[in-house]
Amino acid sequence: MGDSTHMPAGRRRTTMTGAEATAEAMRQIHPDVVAAYPITPQTDIVMRFARFVSDGVVQTEFVPVESEHSAISAVLGASAAGARAMTATSGPGFALMHEILYVVAGYRLPVVMPVANRALSGPINIHGDHSDTMGSRDAGWIQIFSENAQEAYDNLIQAVRIAEHPSVRLPVMVTQDGFIITHGMEIVETLADEEVRQFVGTYEPERSLLDVDHPMTVGALALQNSYFELKRQLAEAMAASRRIIADVGEAFGRLSGRYYGLTESYRMEDAELAILALGSTAGTAKVVVDELRARGQKVGLVKVRVFRPFPAAHLRDLLRHVRALAVLDRSDGYAGMGGPVFAEVKAALYGLPQGPVITNYVYGLGGRDITPEMIESVYADLGELARRASKEPERVVAEAALTPHYLGVREPDGALISALGALQLNGER
Amino acid sequence: MSVVKKTMPAEKEASVTLPWTRMAEGGLVPRGGTAASVRTGAWRTGQMPVLDLEACIHCLRCWIWCPDSAVLLDGEKVSGIDYDHCKGCGICAQVCPPKVHAIQMVAEEVEG
Ligand code: SF4
Ligand code: SF4
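Quick note, the sequences are listed as chains A and B, same order.
Every letter in the first sequence is one number past the one before it in my numbering, and letter 190, counting from 1, is 190.
If you want my numbering, it's the position in the second sequence, counting the first as 1, plus 1000.
By construction, these hints were calculated from the structure, which means they are not laboratory data.
You may find that some hints are simply not true.
Far from chain B, some chain A residues (derived; all Cβ distances over 10 angstroms) [as the list claims (entries may be wrong)]: (1) 48; (2) 81; (3) 106; (4) 108; (5) 207; (6) 216; (7) 219; (8) 221; (9) 226; (10) 229; (11) 261; (12) 265; (13) 295; (14) 353; (15) 371; (16) 384.
Computed Cβ-Cβ distance ranges for the label pairs, DEER-style [what the hints assert, rightly or not]: (17) A:30 with B:1101: 38 to 46 angstroms; (18) B:1020 with A:294: 25 to 33 angstroms; (19) B:1037 with A:254: 27 to 35 angstroms; (20) B:1104 with A:225: 33 to 41 angstroms; (21) B:1030 with A:98: 52 to 60 angstroms; (22) B:1034 with A:65: 50 to 58 angstroms; (23) B:1098 with A:225: 37 to 45 angstroms; (24) B:1030 with A:287: 50 to 58 angstroms.
Cβ coordinates follow ideal geometry from the N, Cα and C atoms, glycine included.
Next comes chain B alone, as it looks inside the complex (with noise of 0.2 angstroms):
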């Protein structure tokens, strides 16, 4: 199996610098989807999907079981991974068809 090179440089913690009497109360946080800022790519160690758009019939099963909504969709087709977010759990490996076989984990190597 090939080794491919983690692309996506560890996300740099937001650096919060302020002193508690001047963070938002019991950690709100004043606005919605926040969590697209969290880079949960950084996490993946060790194996990442790869995906054979010839082979992928779009039933969208991964999709769907994607806990970190990281499967991309073109419409209603899959498009691709956002490996800024995909933590590389191997889920949509397993929900693929097996038949179709469409998403491999791959080992990958962390750059530098």
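If we strip away everything but chain A, and leave its shape as in the complex, we get (with noise of 0.2 angstroms):
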């Protein structure tokens, strides 16, 4: 899409990136603020946005401005006066916003942001992994993962509506993976304009800063007597988020096609062996476990895609019966237990009289590939680690849980992976 020319209303089926179907779906959401700093991965989106701002497509009022602390702090302002706002981020962009997301969330305010995942430097990079939202997971925000650019442009119509919701009123991000998604070309099928416009509806504020009939004072001063109560009234509201999460997903599906849940099982029937990942791998690992299936190997995977409010009640259901489970982190807790995402598995699991022998790999840090054979080596890791789990539980599970491994990383014998120690990245040694 490279000229100005204006997307017609109805359904379209066409390739697009990450980026481009959700500079597309803000379009079609046409929030009344966008503020904004670029950021690469993140500017391919914001420019587009800018360019339909340019040439009259959306009537948004567009705040350009000298650094992300500034573009969330002129949204939070804008929600604050009542505007249904949105930024873009990723990576040290996403960073800078840390103390203001705070703020966002507090407030209560709606704000919907798409952010491109990637790494924090340093050294440089700019490439996608987990490590810039995973830092700030318990802001307050909702964190919904995408997939592909589908699920981009599909989770980012969905936030808005649950964000703005009465009984939810928080802020809601919506993650894609830097360049795997942003700049990758798919398919996407996208709503027609009018098809959106119901789907968000009018946003009516409650209240107004900009309504000087009733004057209100937004970041009232809280302290030893009311901070604690207004935080325990935002755990509620993230918590009670979940089931409007369903709903809204819910109701996407019957206007697309296209359901959403909390988590999406993919072959879980019967599995004996799972893998739980989030983001672009969750794709790549349902080829892997494709292929398992063909071969009659009972694999299957769990894709978090809302990892807050975390998805704990699911996951116990969905993994109860599972042998061996693995954790995919794109981020790590440098020595602590494991990446992120392996903590709170762990911890949603804990105590399940039958539950999975869970280990965590860490992998993908700073965009590295992740590639099939990557993941094949974890299900036979895994079928391994049952097997030894069944003959002395305590010490395997135990080794499992306190071991991340390091997958696609190059080891002094060459070996990336233990399983299929031969594979190497890209001839990379």
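Assembly of the complex is requested from the two constituent chains, each provided in isolation within its own frame, with the hints serving as guidance.
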């Protein structure tokens, strides 16, 4: 879409990058205010949207700011003033927003923000991993991960309705893996403009700072006698949003044929070995699951679509009967209890009378590829783990939970991963 | 320098006893001007501004610069300091023209 032509209003099925699909969703959502600063690989989203603004395709007030701290601050102000406000960011820009992310959530402002997941330097790296958004996982934002461009588009439209729902009123970030999704070209089915307009509805804020007849104070001091209660409220709203997210996913399914829940389980019915992943890696893993299933192996995949609020109860149900589980983390805890997803999954499954042996693979830092072969090797490892665990459960469970594996990193002996020692990454040694 | 006793009693914290279920969402306060009831003067420690109205030329620099709107006006003339809201930062004394020197920061003791 190199020129400035306006999209036709009907449903379309066309090739798009994740960034393009996201900008298209933003055009159809037609927010009142967008404030943004360009940062790779988010730039393509905002650049496309800015073009819609300059071409008069949307009447959005666009605020080009001098940093991401200002972008999220401007959006906070606009949202408090009663506007449907959005921004977009990535990696270090996201990190620069960290302070204000808490403020937006604390004031219960329904800001929606696409995030192109990117590594946090140093050394300098512009490629995709999840260390940025994981760093703000407890800021009080709903976090929805997208598997591909289609989901980046679908999730963003749902995010508006989730954020603004009267019993939620929380900011929502919709992530997509930097470059892998933002810049990868895929077939995307977009809804008609009118369908999106109706789905997100008109935003009618309960209160607005611009309503001079009903003045209000936003950002008052809340000290020892009130702050804690307000944070408790926030936690409760996050927990309650699980139901709304599921309802919106269902409503979106009725409209588009694409249904969404907090998690997605892929061939998990009778799975004995399972991988749990977020983002684009879930798509790669599905291919591997199909191949292994064709060979008669009882393997499955659990995709965590919504990382905040964490779908703990869903995971307990889904994973209760699994023998061995590998949690794939695209960010590391650096000698913490493994990656952040691993730590949460373990906590979620705590106390199950018959849970899986759980182990952790940190992979893909700084945009390092994850291949189907690597994922296959993880399933092979899981088979071995399940066998050993049936003999010496306590020792194997402890060992698996305390030893993170690094998937796809060059080890001194040249092996990238334990089970498929011969694998090499693009010939790099 | 004379020691002035702080006259304002420390503001009693507005007692908030509501459970979390009944507090306004996000801590929004559904009215304006609420800063007036927060007695920032209670934060003053050590120093307070004293205004010499004989010397004052009513240039209003102190009024413009005071971060707490604690410089009081009568029409277009400075008339005093609102010690309930003056937190004793001394900015007014700094911006008052040196030749005029109508504001002095003086030591203050907290009562009891
Ligand atoms: S000391 Fe500070 S707060 Fe008090 S009147 Fe002067 S400028 Fe205002
Ligand atoms: S700055 Fe000094 S001279 Fe000017 S109005 Fe204030 S007290 Fe008076």
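Okay, the hints, checked on the actual structure:
Every C-beta of chain B lies more than 10 angstroms from that of residue 48 (chain A), the closest at about 32 angstroms, which supports listing it as non-interface. Here residue 81 (chain A) stays apart from chain B, with its beta-carbon at least about 13 angstroms from theirs, past the 10 angstroms limit. Taking the minimum C-beta to C-beta distance to chain B, about 7 angstroms, the non-interface status of residue 106 (chain A) is violated against the 10 angstroms cut. A beta-carbon of chain B is positioned within 10 angstroms of the beta-carbon of residue 108 (chain A); the least distance is around 3 angstroms.
For residue 207 (chain A), the shortest C-beta to C-beta distance to chain B comes to about 7 angstroms, within the 10 angstroms cut-off, and the non-interface label is violated. Under the 10 angstroms C-beta cut-off, the non-interface status given to residue 216 (chain A) relative to chain B is violated; the minimum distance is some 5 angstroms. For residue 219 (chain A), the condition that its CB be more than 10 angstroms from all CB atoms of chain B is violated, with the nearest at approximately 8 angstroms. Residue 221 (chain A), annotated as away from the interface, has a beta carbon of chain B within 10 angstroms; the closest lies near 7 angstroms.
At the 10 angstroms boundary, the C-beta of residue 226 (chain A) falls inside the reach of chain B, the nearest C-beta of that chain being 5 angstroms off. Listed as outside the interface, residue 229 (chain A) is inconsistent with that label: its C-beta sits roughly 4 angstroms from the nearest C-beta of chain B, within the 10 angstroms cut-off. Listed as a non-interface residue, residue 261 (chain A) keeps its Cβ farther than 10 angstroms from every Cβ of chain B; the least gap is roughly 27 angstroms. Residue placement check: residue 265 (chain A) keeps its beta carbon more than 10 angstroms from all beta carbons of chain B (closest about 34 angstroms).
At roughly 53 angstroms, the least C-beta separation between residue 295 (chain A) and chain B is larger than 10 angstroms, which holds for a residue marked as non-interface. With a least CB separation of 34 angstroms from chain B, residue 353 (chain A) remains clear of the 10 angstroms interface cut-off, as annotated. No beta-carbon of chain B is positioned within 10 angstroms of the beta-carbon of residue 371 (chain A); the least distance is around 45 angstroms. Against the 10 angstroms criterion, residue 384 (chain A) stays outside the reach of chain B, whose nearest CB is about 49 angstroms from its own CB.
Take residue 30 (chain A) and residue 1101 (chain B): their Cβ atoms lie about 59 angstroms apart, and the range 38 to 46 angstroms is violated. Taking the beta carbon of each, residue 1020 (chain B) and residue 294 (chain A) are about 53 angstroms apart, not inside 25 to 33 angstroms as hinted. A hinted range of 27 to 35 angstroms is violated for the C-beta pair residue 1037 (chain B) and residue 254 (chain A), which are about 50 angstroms apart. Residue 1104 (chain B) and residue 225 (chain A) have their C-beta atoms about 36 angstroms apart, which keeps the hinted 33 to 41 angstroms range intact.
Taking the beta carbon of each, residue 1030 (chain B) and residue 98 (chain A) are about 29 angstroms apart, not inside 52 to 60 angstroms as hinted. Checked against the hint of 50 to 58 angstroms, the C-beta distance between residue 1034 (chain B) and residue 65 (chain A) comes to roughly 29 angstroms, which is inconsistent with it. Take residue 1098 (chain B) and residue 225 (chain A): their Cβ atoms lie about 44 angstroms apart, and the range 37 to 45 angstroms holds. The supplied range of 50 to 58 angstroms is met by residue 1030 (chain B) and residue 287 (chain A), whose beta-carbon atoms lie about 54 angstroms from each other.
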